[in-house]
Structure formats: structure tokens, C-alpha cells
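Produce the entire structure from the sequences given, and follow the hints as far as they go.
Be aware that the sequence shown starts at 1, since it is given in our numbering, and climbs by one per residue.
Quick caveat, the hints were computed from the structure, so don't treat them as lab data.
Idealized CB from N, CA, C, for every residue including glycine.
Be careful, since some hints might not be right.
Taking lysine to any residue and the SDA-like style, the derived pairs with C-alpha atoms no more than 20 Å apart in a straight line are [what the hints assert, rightly or not]:
#1 K146 x K109
#2 K146 x I157
#3 K109 x R75
#4 K146 x M76
FRET-style restraints, in silico, Cβ to Cβ [unchecked claim]:
#5 L121 x A155: 29 to 35 Å
#6 E97 x Q27: 22 to 28 Å
#7 L161 x P127: 41 to 47 Å
#8 L161 x E93: 16 to 22 Å
#9 P43 x A111: 29 to 35 Å
#10 P108 x S38: 16 to 22 Å
#11 A154 x E131: 46 to 52 Å
#12 D30 x P108: 22 to 28 Å
#13 D30 x E81: 27 to 33 Å
#14 S25 x G126: 18 to 24 Å
#15 S25 x A143: 42 to 48 Å
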Amino acid sequence: MAHASQHLLEFGGSPVGTEFDGSLSFQRVDRIPLLRVSQLFTPHTARQIRYCLVATVGAERPFYHRYPYVALDVRMVQGWEEGTPEFVRSLRERLRELGGELALVVPPKPAANSAGEGTALEPDRGPLAPEIPAFTHPEDALAYLKELRRERRAAAIAAALGR
Numbered sequence: 001m002a003h004a005s006q007h008l009l010e011f012g013g014s015p016v017g018t019e020f021d022g023s024l025s026f027q028r029v030d031r032i033p034l035l036r037v038s039q040l041f042t043p044h045t046a047r048q049i050r051y052c053l054v055a056t057v058g059a060e061r062p063f064y065h066r067y068p069y070v071a072l073d074v075r076m077v078q079g080w081e082e083g084t085p086e087f088v089r090s091l092r093e094r095l096r097e098l099g100g101e102l103a104l105v106v107p108p109k110p111a112a113n114s115a116g117e118g119t120a121l122e123p124d125r126g127p128l129a130p131e132i133p134a135f136t137h138p139e140d141a142l143a144y145l146k147e148l149r150r151e152r153r154a155a156a157i158a159a160a161l162g163r
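Structure follows, in C-alpha cells:
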């Protein structure tokens, strides 16, 4: 199968150079990507996220992620199209298969009382799966992922050395 046909079959879009419309921001912090999504979360947004995680210049490899730990900031998302919450869940499953993790940055739930005093900021997950770790600030999500990466790396080293 020709590359263009394979690409259309797997991703349903055009080549990488024509895919980014400005609704996704990519930033790396200590080798952990922080992806910020704005406005709507569509299948096109999901395709852009896949491209960012592949992070290669050559021919893309489906489901080959260069980054096993990812922070996804969806605080600005105002609408979720059908199937996109499932994409986030499947992305987390794939990252966990690779030994990594997905952390969400979501807006806080509205305060129970009008003053909002004495209440902790609970993450408002919206349509997203409750088992995905969620935080209200990107710094918290990145700190969680860094600590998780450090713990897993230490465990792997200890196992390799037989300790």
C-alpha cells in the first residue's frame, strides 16, 4: 500500500505540514510534553496530538509515541465532539502500555458556597474518564508526571541490578 493511501486509512487526513490550525500548543518541560488544547476538541485535534507525540520528521509510524509521559491541558475546551473523550481514554491506555502516563489539566469545579472559601479546588473532568489523573494547574500535573517517572526509573534500575 502506498504511503499516502496508508496515511489516509490510518489517520484520515492530509500530510503533517498542512494539519496544524493553531488550536494546539506544544511545549516540553523536562522532556515531558505539555499539550494545550483551545476551543473545541475534535477528531482533528486528536490527529494533531498524535502527530505531536510521534515527533518525527520522516514518515509517521502509527501508535509510535516518542514521549511516554504527557500532560494534556484542556482547560480552554468548551466543546467535545463525539468520540473525542474516548480518544483521550485510549491515549492514556496506550501511554500506560508503554510504561508512561497521561495527566489532565482541567478547570476547577465551581465552589459549593458562593464565597468559595475553605473549599479545595476539585478538578472538573467533564466527559473525561474519572480514572485519568486530573489537576487544576499544569505545574501540578508536570510535578506528578516527573515524580512518577522518577519512581518507575528507580524501580527499573533496582530490578536490573537485582536489588
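Tested hints:
The suggested pairing of K146 with K109 is violated, with an alpha-carbon distance near 25 Å, which exceeds 20 Å. With a C-alpha separation of about 16 Å, the suggested pairing of K146 with I157 holds against the 20 Å cut-off. For the hint linking K109 to R75, the alpha-carbon distance of about 11 Å falls within 20 Å, and the restraint holds. Distance check on the hinted pair: K146 and M76 sit about 24 Å apart at the alpha-carbon level, beyond 20 Å; violated.
Range check, L121 to A155: about 31 Å between beta-carbon atoms, so the 29 to 35 Å window is met. Distance hint check: the CB atoms of E97 and Q27 are about 25 Å apart, consistent with the given range 22 to 28 Å. The supplied range of 41 to 47 Å is met by L161 and P127, whose beta-carbon atoms lie about 44 Å from each other. The beta-carbon spacing between L161 and E93, approximately 30 Å, falls outside the hinted interval of 16 to 22 Å.
For P43 and A111, the Cβ-Cβ distance of about 34 Å falls inside the hinted range of 29 to 35 Å, so the restraint holds. The given range of 16 to 22 Å is respected by P108 and S38, whose C-beta atoms sit roughly 18 Å from each other. Remark: the range hint 46 to 52 Å for A154 to E131 is contradicted by a beta-carbon distance near 24 Å. Look at D30 against P108: about 25 Å separates their beta carbons, and that is inside 22 to 28 Å.
Distance hint for D30 and E81: a CB-CB separation of about 32 Å, consistent with the stated range 27 to 33 Å. Checking the proposed 18 to 24 Å range against S25 and G126 shows it holds: the Cβ atoms sit about 20 Å from each other. Between S25 and A143 the beta carbon distance is about 20 Å. The supplied range of 42 to 48 Å is therefore violated.
In this structure, the earlier hints numbered 1, 4, 8, 11, 15 are contradicted, and the remaining ones agree with it.
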